[in-house]
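Participant: For the record, the sequence lines run as chains D and H. Position in the first sequence counted from 1, then plus 598, gives you the numbering used here. Position in the second sequence counted from 1, then plus 5, gives you the numbering used here.
Treat the hints with care, as some may be off.
[Unchecked claim] Calculated pairs, SDA-like style, for lysine to any residue (alpha carbon to alpha carbon, straight line, at most 20 angstroms):
id, chain 1, residue 1, chain 2, residue 2
1, D, 814, D, 614
2, D, 669, H, 225
3, D, 669, H, 312
4, D, 814, D, 608
5, D, 814, D, 620
6, D, 814, D, 658
7, D, 669, H, 215
8, D, 814, D, 663
9, D, 814, D, 617
10, D, 669, H, 333
11, D, 669, H, 130
12, D, 814, D, 625
Please keep in mind that the hints were generated in silico from the structure rather than gathered at the bench.
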Amino acid sequence: MTSPLLELDGVTKRFGRVVIAEDLSLAVGTGDTVGIVGPNGAGKTSLFGLISGDLAPGGGEVRFAGRTVTKLDAAARCRLGIGRTYQVPRPFGDMTVFENLLVAAQQGGGLRRRASYTAAAAALERAGISGQANVPAERLGLLQRKRLELARALATQPTLLLLDEVAGGLTDPEVAQLVEIVRGVNAEGTAVIWIEHVVRALTPVVSRLICLTSGKFVGDGDPATVLADPAVREVFLGSEVTAALAGGAPEAPAAGPPDGAAGGERSEP
Amino acid sequence: MSLITETTARPAGKLRVTRSRRNVAWTGAGALIVVVVLALLPYIVYSGTTSIIVQAFIVLTLASMWNLLAGYAGLVSVGQQVFVGLGAYFVLILAIHGTSPFAALPVAVIACAVAALPLWWLVSRLRSGYFAIATWVLAATVMLIIERFSSIGGGTGMPLPGLSGLSSVLLTAYTYWAGLAVTVVALATMYLLLRGRLGLVLTAIRDDEVAARSSGARVGLARLLVFVVAGAGCGAAGAVLAISQLQVQPGAVFSVQWTAEMAFATIIGGLGTIEGPIIGTAVYMVLQQTLASYNAWYLIILGLVAIIIALWSRRGLWGLVDEHLHFRLFPVGYWLWPEDVSRPSRLLSRLRRSGA
Numbered sequence: 599m600t601s602p603l604l605e606l607d608g609v610t611k612r613f614g615r616v617v618i619a620e621d622l623s624l625a626v627g628t629g630d631t632v633g634i635v636g637p638n639g640a641g642k643t644s645l646f647g648l649i650s651g652d653l654a655p656g657g658g659e660v661r662f663a664g665r666t667v668t669k670l671d672a673a674a675r676c677r678l679g680i681g682r683t684y685q686v687p688r689p690f691g692d693m694t695v696f697e698n699l700l701v702a703a704q705q706g707g708g709l710r711r712r713a714s715y716t717a718a719a720a721a722l723e724r725a726g727i728s729g730q731a732n733v734p735a736e737r738l739g740l741l742q743r744k745r746l747e748l749a750r751a752l753a754t755q756p757t758l759l760l761l762d763e764v765a766g767g768l769t770d771p772e773v774a775q776l777v778e779i780v781r782g783v784n785a786e787g788t789a790v791i792w793i794e795h796v797v798r799a800l801t802p803v804v805s806r807l808i809c810l811t812s813g814k815f816v817g818d819g820d821p822a823t824v825l826a827d828p829a830v831r832e833v834f835l836g837s838e839v840t841a842a843l844a845g846g847a848p849e850a851p852a853a854g855p856p857d858g859a860a861g862g863e864r865s866e867p
Numbered sequence: 006m007s008l009i010t011e012t013t014a015r016p017a018g019k020l021r022v023t024r025s026r027r028n029v030a031w032t033g034a035g036a037l038i039v040v041v042v043l044a045l046l047p048y049i050v051y052s053g054t055t056s057i058i059v060q061a062f063i064v065l066t067l068a069s070m071w072n073l074l075a076g077y078a079g080l081v082s083v084g085q086q087v088f089v090g091l092g093a094y095f096v097l098i099l100a101i102h103g104t105s106p107f108a109a110l111p112v113a114v115i116a117c118a119v120a121a122l123p124l125w126w127l128v129s130r131l132r133s134g135y136f137a138i139a140t141w142v143l144a145a146t147v148m149l150i151i152e153r154f155s156s157i158g159g160g161t162g163m164p165l166p167g168l169s170g171l172s173s174v175l176l177t178a179y180t181y182w183a184g185l186a187v188t189v190v191a192l193a194t195m196y197l198l199l200r201g202r203l204g205l206v207l208t209a210i211r212d213d214e215v216a217a218r219s220s221g222a223r224v225g226l227a228r229l230l231v232f233v234v235a236g237a238g239c240g241a242a243g244a245v246l247a248i249s250q251l252q253v254q255p256g257a258v259f260s261v262q263w264t265a266e267m268a269f270a271t272i273i274g275g276l277g278t279i280e281g282p283i284i285g286t287a288v289y290m291v292l293q294q295t296l297a298s299y300n301a302w303y304l305i306i307l308g309l310v311a312i313i314i315a316l317w318s319r320r321g322l323w324g325l326v327d328e329h330l331h332f333r334l335f336p337v338g339y340w341l342w343p344e345d346v347s348r349p350s351r352l353l354s355r356l357r358r359s360g361a
């Protein structure tokens with residue numbers, strides 16, 4: 599198939615007068631790596647919602663793997679191969695880490711017993727939380743919750759992985775580990791779209807960077823070019839992107855306040 | 006019965022997954038013994054005792070179904086009495102047409118499962134409080150409709166025909182066995198459902214519905230299945246009720262009190278565990294039998310017990326057992342064994358000591 603893995607065609611979404619996505623068009627090919635940056639409330643997480651099926655678009659079309667998925671719900675899209683993580687991890691608290699992954703492998707991955715055990719164990723190992731396999735998910739700390747979030751998305755056997763600020767709140771060595779994991783996943787052919795405030799986590803992985811603000815794309819292309827684009831720089835105006843360009847010195851906003859607008863998107867008016 | 010551990014091996018490594026950290030073969034054996042002893046009870050005790058136990062069977066079946074709905078699927082129904090009533094009426098209708106009530110019982114169960122489909126269609130889009138109220142309204146509506154038909158007793162109900170040929174001793178024993186069979190099948194069905202893929206999905210949905218959806222879980226389908234199973238189970242309890250009461254009265258079988266009983270037994274026993282309703286039913290029956298003659302005080306004490314347990318142990322009486330002993334009679338979880346362990350029994354004791 600020559601068509602791209604994921605295609606957004608004029609996707610629009612509004613909550614009342616607030617524009618979340620305005621006529622967004624995007625094509626992502628198999629195995630591509632795309633980073634998405636943008637200020638708080640730019641509509642990044644909503645964009646993921648529109649791709650994963652958590653949000654229904656007001657207009658436009660979403661196509662995945664040669665099918666129109668605009669009308670499909672999140673579960674159906676997940677089974678087609680879209681795996682996603684949430685910015686604020688959403689573990690199944692009463693279940694063990696291993697059981698969390700089994701749900702994903704059995705439902706999203708469509709795997710049966712043994713195959714699902716193997717897939718879940720592989721995701722555990724990949725995310726580096728094998729030691730916590732039998733621990734109830736609610737007892738995990740933030741770092742491990744983030745890893746579980748990633749592992750659960752991987753256990754659904756995605757061909758497109760949506761990462762929503764998985765590096766937020768992590769230390770530099772932790773970010774480096776995470777980058778290695780994502781690179782490994784991508785090396786096996788899984789396309790990755792990664793929303794991140796920590797731009798230095800993105801740049802070693804992604805080959806393409808998109809800047810989103812107020813529901814519109816203002817930059818799209820080679821990361822260095824996009825970051826150098828005056829329009830993009832204007833959007834950030836002295837925030838971490840400029841700092842990252844200056845040489846990736848440790849900057850405060852990296853671990854800064856959570857992206858409040860994006861985190862609460864489901865309950866926005 | 007595959008109550009014992011289920012082992013699997015990855016061809017390359019030594020991936021080992023069991024359904025419990027401990028070997029639970031003895032639980033299966035224990036359950037079997039309990040069922041056999043219960044089955045022999047009509048030969049040993051007086052009919053007064055068995056009829057109390059039949060009540061307990063009805064409450065236990067109802068509580069287990071309510072637990073499946075509220076504790077696993079997150080569906081707090083206040084209208085489950087609709088299925089109790091429908092089960093009773095299906096038995097009555099079949100009995101009027103000459104079927105033995107005992108033969109009518111399984112048919113009534115299937116009919117209740119079928120009836121659950123249109124009822125689900127009516128309430129499926131509602132959540133939490135709205136769902137609860139809607140189910141209650143639905144139950145009242147179904148009762149009002151049934152009361153319109155004078156051929157099945159109208160508003161006053163009618164005695165159940167087809168049982169006059171049996172001696173009272175045989176009738177009591179048959180009723181008891183029917184109640185036992187319904188309870189065992191209901192508990193076994195629930196256990197097997199929760200042990201399978203559906204159990205994991207339901208727990209995931211209960212914990213975080215949004216994440217469950219984006220992990221591929223068919224939330225609507227899982228809830229529909231639970232609603233149908235719970236409808237069939239409550240219908241079975243209603244059928245047993247009709248047979249044990251020898252009559253069907255709309256006000257009695259469609260009483261919201263049934264839902265109060267199932268909720269009480271489930272909540273004091275422990276919501277979201279298979280063991281909870283069993284323990285809850287036992288407590289409920291003991292309270293009922295010892296306090297029934299005190300009228301108002303009976304209800305006051307029942308209420309106090311519920312409040313105390315809700316405050317003291319939010320996960321019910323079984324929650325206390327589980328918290329302190331980490332113990333499940335009916336394990337539905339998955340335990341992944343570390344790769345370098347060849348003898349689980351030793352590791353088990355080590356794990357237990359380290360409290361991992």
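Participant: Decide, hint by hint, whether the structure agrees.
Facilitator: Verification of the hints:
The suggested pairing of residue 814/D with residue 614/D holds, with an alpha-carbon distance near 17 angstroms, which does not exceed 20 angstroms. Taking the CA atoms of residue 669/D and residue 225/H, the gap is near 16 angstroms; set against the 20 angstroms cutoff, the hint holds. Taking the CA atoms of residue 669/D and residue 312/H, the gap is near 46 angstroms; set against the 20 angstroms cutoff, the hint is violated. In summary, the hint linking residue 814/D to residue 608/D is supported, as the alpha carbons are separated by about 11 angstroms, within the 20 angstroms threshold.
Among the hinted pairs, residue 814/D with residue 620/D is consistent with the structure: their alpha-carbon atoms are about 6 angstroms apart, no more than 20 angstroms. Restraint check for residue 814/D and residue 658/D: the C-alpha separation of about 14 angstroms stays at or below 20 angstroms, so the hint holds. Taking the CA atoms of residue 669/D and residue 215/H, the gap is about 17 angstroms. The hint holds against a cut of 20 angstroms. Taken as a hint, the residue 814/D and residue 663/D pair is broken in the structure, with Cα atoms around 24 angstroms apart against an allowance of 20 angstroms.
Only pairs whose Cα atoms come within 20 angstroms are accepted, and residue 814/D paired with residue 617/D is accepted, the gap being roughly 9 angstroms. Of the supplied pair hints, the one linking residue 669/D and residue 333/H is violated, its CA atoms being roughly 42 angstroms apart against a limit of 20 angstroms. Among the hinted pairs, residue 669/D with residue 130/H is consistent with the structure: their alpha-carbon atoms are about 18 angstroms apart, no more than 20 angstroms. Between residue 814/D and residue 625/D the CA atoms are separated by roughly 15 angstroms; this keeps the pair inside 20 angstroms, and the hint holds.
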